[in-house]
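> Take the given structure of chain V and dock chain A with the ligand to it, following the hints.
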Amino acid sequence: MPRISPSLIRQASHIDQRLVRLLPICRDLPSARNELRWLAEHAATKPGNEHGKRLLEYYIRRRARGEPLQYILGTEYFGDLEMKCRPGVLIPRPETAASVSHLASLLLARQLPPRLRVLDLCTGTGCIPLLLDHELRKRFRDSTTSAEIVAVDISPKALALAKENLAAQPGAADFITFHPADVLWDSDTNENLNEPPSLKEALHARHGHGPMRNYDILISNPPYISPKAFRTTTARSVRHYEPKLALVPPDQRTPRSYDGVTSDEDDAIGDLFYPAILRHAQDLDVKIMLLEVGDLAQALRVAGMIVRQGIWDHVEMWRDEPGYPVIESVLVDGVVITVRGRGSGRSVFAFRGEGRWWLDSDISNEWASTPVSKA
Amino acid sequence: MLRQDLQATKSASGAACSPPEHLVSPVLLSRARSISDEHVTLTKKLATDYDASAAKRLGELQSTSTAVKEYDQAHSALAELQSLLQSSDKELRELAEEDVQHTEDRIEQASSALKSSLVPVHPFAHLPCLVEIRPGAGGDEAAIFAGDLVRMYEAYCARTGLRTALLKYETAEGTVSGGAGTTHVQEAVLEIDSPGAYGILRCEAGVHRVQRVPATESKGRTHTSAASVLVLPSIDAETSGDMGENSFNDPRSDYYIDPKEVRLDVMRASGAGGQHVNRTESAVRLTHLPTNTVVSMQETRSQIQNREKAWQLLRSRIAQQRREVREEELAVLRRGAGAGKVGRENKVRTYNWGQQRVSDHRSGLDVRNLDDVMEGGEALERVMQSVRAWMAEQEVLGLVAEEESIQAQKK
Ligand SMILES: C[S@@+](CC[C@H](N)C(=O)[O-])C[C@H]1O[C@@H](n2cnc3c(N)ncnc32)[C@H](O)[C@@H]1O
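Sequence order for the protein chains is V and A.
Residues 172 to 546, numbered by our numbering, are exactly what the first sequence covers, in order.
Residues 13 to 423, numbered by our numbering, are exactly what the second sequence covers, in order.
With the rest of the complex left out, here is chain V (with noise of 0.2 Å):
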């Protein structure tokens, strides 16, 4: 990372000294006055204000050994809602709340079946089950359509924050679970009893055993760094402070050779996560599925996957703001695919069957007269 400069750290402490302790981890000075002001506001609302000068230095030599914000200050904002934050448990990013609210605004009310059916894999805080449960009641105020989302996640401490961020939504709790399950281990009942169950013995718990409930939609943000981005690109504070478990899946290559890993090795394991949500995406019969991805690139791999599974009619990919009124096409084994909007390759997108009427029929116009079909 370049230095910062000196006369910027000139500027800084000609200020406040404190700034200069703030740059070297905000990189600017606007940042650096932002952040030193939310920090002195969220120690003057702690208890005692006579220890409030001593608590925010205690802030700063955090903040400035690369703890991320949210972790001190408790909280992230994502889209309207605020969610509650704790080391453990990845912070959530805006770029996913963009691509959530996205989805939502697509969502038509009167075309939906009147209980939407929902499933968001590796769900961490729980703030894409709520964000999407706060969108959509919005807008169903006037129709009798809501949506039953199931969330799931490995980890127990992802699972109680969710619980606890679920609690501070009012009226959520009617229409939102958390359940413990393995995305990856793909298996219909729970041999080992320690270890959290299978996605489907989760549902299966969830529903009752009997034939597998279907789900109309699925979304996901699931690790997908690989192990050289992340020791090369991912940053330091995300390295040192948020949880591997939620970044980098594991490295399930047999035999393991750990005489270097190639690239293409390298990506596999950064994607490892995408054949098996795509497995679970059939199983359940989905109509409508969005991924998160980490760039382009992933993008472009994970929309093969889905290309090649051949039961999509459709596939997209959206950039951080997928509003953004700017559409270019790319050509995917032999497919054209749409993507849309402005910023790094966010998310892959994809529709089938009546998915497509229950989607805004301006851009399901344009998508149907561009099929995809495997050439």
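Everything labelled a hint here was simulated from the structure, so no lab data went into it.
Do not rely on the hints blindly, as some may be mistaken.
A few chain V residues that don't get close to chain A, going by computed Cβ distances all over 10 Å [unchecked claim]:
(1) Pro-201
(2) Glu-206
(3) Glu-366
Which residues of chain V face chain A? A partial, calculated answer using Cβ under 8 Å [said to hold, decoys possible]:
(4) Pro-265
(5) Trp-356
(6) Asp-357
(7) Arg-407
(8) Val-409
(9) Arg-517
From a predicted model like this one, the values you see are computed outputs, not experimental measurements.
Note that beta-carbon positions come from the ideal geometry of N, C-alpha and C, so glycine has one too.
Structure of chain A with the ligand alone, referenced to chain V:
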């Protein structure tokens, strides 16, 4: 004779400051009398031959004419009472004394009815408002004074029960902090979201000048610096629906902005996002492309909240620009009548620390109690009241000029 005596006592009791609110200025009064005369003429005319447009005009003149009658009657009643007070009959005197208070109340009511029948209510007077404060000429000292003004308005609103929130509070970068409690304000936007706030604070728009020895001045010299105050009527998403044609969803409204003409930028460093990084920037910038008006907001950690506040500010600024263009044409007409322009370029008030005095250049009012003004106290209220009265008078002068020029064109 008696009436003049009365006015003299009134203004003496009102101290050497503004005329009490219930006195009607000569300008207003003569305007009212000419309307009342026209009313009489028209009534006579209509008695002989009917004319729809004359009847309509008569209706418009009605309230002023009634108000003038009541005003005159109340005054002659008081004059009569005054002469009774001189009477040698004790009983008559007592009777008169009892009635004095009642008659003074009547005058007060008649005066305000007369004024409101003449002065059109500003179309946005009922709205909440935004007060934008920026330092003008004078460097550091201007920025400190801008901060003083922010605190003055906050205190004024707190005292008078108006709800405020700082929408934006940017302190200057690269400046040395002065003494305790001084802040270098680069730009502040105070939101006053009580209904009617615009009507109350619109008299504050303009350049406010300060004369004092700055904290940073070692030789003890008095400096003159200035800060500009902009007052914008404001509507937000919740109230917009009830505002009729002021609604920002109504394309005819000044507040309407086509979302397609606004570029939204979330100011985030480029490069990878998502799980790889964890950023805290929540700043949002809106650019209104046709006018190149830029608003940026980074007060809160919530990007959504920043975006909403930025939209609110952008709407108010654009609406203000549109009104200014329209009002400029009218102002040309009115300036001929000596009506000053209440614009952002004009020095409206001076705060003189050495003399502990605040003078408003529009109403001509001087108050000695500088501290009370700066604390948003009664003294500030008095200054503001004098300006509101002055503005009402200008408004009427403007109307007269406008009418005269229309008459001239007809000929
Ligand atoms: C990148 S985080 C996403 C959290 C949240 N959805 C968000 O967008 O902020 C990935 C989550 O997947 C969970 N996870 C990791 N391995 C898993 C597995 N095998 N099965 C289910 N969840 C898993 C982690 O605990 C973590 O909470």
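> If a hint holds in the structure, say so; if it does not, say that too.
For each hint, the structure was consulted:
1. For Pro-201(V), the condition that its CB be more than 10 Å from all CB atoms of chain A is violated, with the nearest at approximately 7 Å.
2. The beta carbon of Glu-206(V) sits about 6 Å from the closest Cβ of chain A, which is not more than 10 Å, so the claim that it is off the interface is violated.
3. No Cβ of chain A comes within 10 Å of the Cβ of Glu-366(V); the nearest lies about 25 Å off, and the non-interface call holds.
4. Contact between Pro-265(V) and chain A, as hinted, is supported at the beta carbon level, the nearest pair being about 6 Å apart and thus within 8 Å.
5. Given hint, Trp-356(V) at the interface with chain A, is violated; its Cβ is 22 Å from that chain's nearest Cβ, farther than 8 Å.
6. About 24 Å separates the beta-carbon of Asp-357(V) from the nearest beta-carbon of chain A, more than 8 Å, and the hint is not met.
7. The interface hint given for Arg-407(V) is broken, as the beta carbon of that residue sits about 10 Å from the closest beta carbon of chain A, more than 8 Å.
8. At its closest, the beta carbon of Val-409(V) sits 5 Å from a beta carbon of chain A; the interface hint therefore holds under the 8 Å criterion.
9. Because the closest C-beta pair between Arg-517(V) and chain A is about 7 Å apart, less than 8 Å, the hint holds.
Violated hints, in rising order: 1, 2, 5, 6 and 7; the structure is consistent with all others.
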